[in-house]
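Please model the complete structure; the sequences and the hints are all you need to start from.
Line by line, the protein sequences are chains A and B.
At position 56 of the first sequence the residue is numbered 55 (numbering that gives the first Met the number 0), and the sequence of numbers has no breaks.
At position 42 of the second sequence the residue is numbered 41 (numbering that gives the first Met the number 0), and the sequence of numbers has no breaks.
In short, the hints are calculated from the structure, not lab data.
Incorrect hints may have been included.
So the derived list for chain B, only partly shown, Cβ under 10 Å to chain A, looks like this [claimed, not checked]:
id, residue
1, Ser40
2, Val41
3, Gln46
4, Arg54
5, Gln57
6, Ala66
7, His73
8, Met79
9, Ile80
10, Thr81
11, Asp82
12, Asp83
13, Leu89
14, Lys90
15, Thr93
Please read these numbers as outputs of a predicted model, since none were measured by experiment.
C-beta: ideal position from N, C-alpha, C; glycine also.
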Amino acid sequence: MLALCVFTITVTAQDAPSEPRPVPVLSGSAGEVPIVGGGQTTLVSIISPVVLVPFGGKWLVESRAAFEGDFTDQEPGSHFGGKINKEVEYLQLDYIANKYTTVTAGRFLNPFGIYSERLYPVWIRNLQTDPLILPLEGESRDGVMFRGSVPLSSAVNLNYTTFFSLQSSTNKLESDRGIGGRLGLFFPGHRLEIGGTVEHALVEDRSNRFGFHFEQQPFSIPLEVRAEYAHAAEGSGWWIEPGYTLSGVRWLKAITRKTQLVGRYQQFYIGNGQNEDLPAADTRMAEFGMNYFICEGLRATASYGREFSSAGNQNVWTAGLTYRWVLPLGRGGRP
Amino acid sequence: MKRCCIYLLVLCAFPVALLCSSPDPKPAPVLKSKSTHTEWSVAEGEQRYRANCARCHQAPPKFQPAAMGTLIRHMRVRSMITDDDMHAILKYMTQ
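Shown next, in the form of structure tokens:
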């Protein structure tokens, strides 16, 4: 069966002879976003380089690392200090097997919902604080993944992801053994996507986790709405995040067309499991923010949120800058 | 638990079935696929860019064509765009 698959992959993969020959690209993002929560100031500095190395017509090696420093003043008036966390978020080899399937091997982002895979980088996310349920979406995994998108009709595409991951305790490459997958339906005419994820751990308590996601950006108004629900042994919760770009405002157009207003409301309910990255009690949080796109790749961002929890309420403020770059490492050209 | 296992089984079977099926030599008309990658119009590519990429990205500058060839391959994997979308968007972004 495996030999048959490999043979079929080799035979059916397609070339695009008229398209430009791709070159390696060094991309990435950086962010400096101080966060003030519960009277504690944390200077969050993130640099996240992405390396993309294509070869042939069907292969791509891609990797993203993250260097994040969360610097706090342990005593009032003292210098900010803290350690820099270094992590390989993904280091994967992709093979475009055919029109509908890409095979990925290596270390990849856990394909749970939409936030961790698509929205996590500082230059993409609308609010710089993480959703409360983000730890439920799991860490990166080492293994094999099949994924792709299939047009079911001119109005709807089916996208799917399924994986098997291995246990690893290697430093910076930790992974849990498990299987799982995600299915989604995307309606391009409405820019609407709905989907669900289910995962099963093959270690320890052999627990399940599942979730649902929703995303829409109607063409008629500059509005985007995203939402996720996640359930695991450690807890469950949801978030909904509308964003509105002021491009429809007629006055001060030079400014308003670059300005986006964002909100997010979320709830988290504790479960039975242990996870120190999750809130210690049931929590609700409302946030409002604004993003201003200064120029290509550079964005100013600010937000205010109020967290309600039986462990104590607190305000959370953020303000900072994010930057994204793309640097081709070669001239390429057309064949 | 049983439902979960069935769901995972279906998910695992799906890509294997796709891998073992040849792409249609003549794509179904309803999909609006093109038999060669050179036939995509820039307008069609722009439409597909708006439907897919603009969901997360503000309109970016058009990068060097060779860089776009790499980035679109990256986005095919990351954002689950279809093969047709990938070629049409590449045409739009490199013109």
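Status of each hint after checking the structure:
| no. | hint | in the structure |
| --- | --- | --- |
| 1 | Ser40 | violated (14 Å) |
| 2 | Val41 | violated (14 Å) |
| 3 | Gln46 | holds (9 Å) |
| 4 | Arg54 | holds (5 Å) |
| 5 | Gln57 | holds (6 Å) |
| 6 | Ala66 | holds (4 Å) |
| 7 | His73 | holds (5 Å) |
| 8 | Met79 | holds (4 Å) |
| 9 | Ile80 | holds (6 Å) |
| 10 | Thr81 | holds (4 Å) |
| 11 | Asp82 | holds (4 Å) |
| 12 | Asp83 | holds (7 Å) |
| 13 | Leu89 | holds (6 Å) |
| 14 | Lys90 | holds (8 Å) |
| 15 | Thr93 | holds (6 Å) |
Violated hints for the displayed structure, listed by number in ascending order: 1, 2.
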